[in-house]
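Assemble the complex: chain A is given as a structure, and chain X must be docked to it using the hints.
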Amino acid sequence: EPEVTQTPSHQVTQMGQEVILRCVPISNHLYFYWYRQILGQKVEFLVSFYNNEISEKSEIFDDQFSVERPDGSNFTLKIRSTKLEDSAMYFCASSDTGTKSDTQYFGPGTRLTVL
Amino acid sequence: LAKTTQPISMDSYEGQEVNITCSHNNIATNDYITWYQQFPSQGPRFIIQGYKTKVTNEVASLFIPADRKSSTLSLPRVSLSDTAVYYCLVGDIGAAGNKLTFGGGTRVLVKP
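For the record, the sequence lines run as chains A and X. Residue 1 is where the first sequence starts when you use our numbering, and the numbers rise one by one after that. Residue 116 is where the second sequence starts when you use our numbering, and the numbers rise one by one after that.
It should be emphasised that the hints constitute simulated quantities derived from the structure, not laboratory data. It cannot be assumed that every hint is accurate.
As the list claims (entries may be wrong) - Derived BS3-like pairs: lysine-lysine, alpha-carbon spacing no greater than 27 Å straight-line:
(1) X/Lys226 / A/Lys42
(2) X/Lys118 / X/Lys169
(3) X/Lys167 / X/Lys184
(4) A/Lys83 / A/Lys57
(5) X/Lys184 / A/Lys42
(6) X/Lys118 / A/Lys42
(7) X/Lys118 / A/Lys57
(8) A/Lys78 / A/Lys42
Here the structure is a predicted model, which means the values were calculated and not measured.
Chain A with its partners taken away, still in its complex shape (with noise of 0.2 Å):
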């Protein structure tokens, strides 16, 4: 079964320094997909990503948070300048269709912990 796969599993960086996560959503799914998690909390959506563009964001989703499809297969969530609280589980979602009876397939997620 097709999955999508995320890299690294684990990155620790210091507070300030730019961080970015990597996604290979699945090969024919047009719509991608951020979300994150804070430890012991809810999966907060953060931006969608759809023909080049963002589709919609989330308040999260400020300045600081920027994504990119830089080639065919990879899909990237860049952090310019960390904050503690952005330490969360950061995962990486694609869909077929983009629609809300779309099913969504995560990946395993990176754990961001910033010192």
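This is chain X only, laid out in the frame that chain A set:
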């Protein structure tokens, strides 16, 4: 966005059937009901989705009454590996606003 309410936690034993009911009184005509499962430190995993009546797949069944104001996820004969958090999500099928909105979910603990 329809608000969902589900139990915070449930305990069960291996081999039993687990039923988790989700209330969504304000469900809209275009809304689908979707359930996800999440193991610790892993991404949510799609279990089942339905619009009305009953849906069954190899993992679970989803029962939706005629008024659609609630739904019940049924996990037959659970095992220890079914210990997870189960999320009920309700959303419309329109192309705009593709995000999934997760609540707190139901933490299911399966005991030996």
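Consistency of the hints with the structure:
{"no.": "1", "hint": "X/Lys226 / A/Lys42", "in the structure": "24 Å, holds"}
{"no.": "2", "hint": "X/Lys118 / X/Lys169", "in the structure": "21 Å, holds"}
{"no.": "3", "hint": "X/Lys167 / X/Lys184", "in the structure": "10 Å, holds"}
{"no.": "4", "hint": "A/Lys83 / A/Lys57", "in the structure": "19 Å, holds"}
{"no.": "5", "hint": "X/Lys184 / A/Lys42", "in the structure": "23 Å, holds"}
{"no.": "6", "hint": "X/Lys118 / A/Lys42", "in the structure": "15 Å, holds"}
{"no.": "7", "hint": "X/Lys118 / A/Lys57", "in the structure": "20 Å, holds"}
{"no.": "8", "hint": "A/Lys78 / A/Lys42", "in the structure": "21 Å, holds"}
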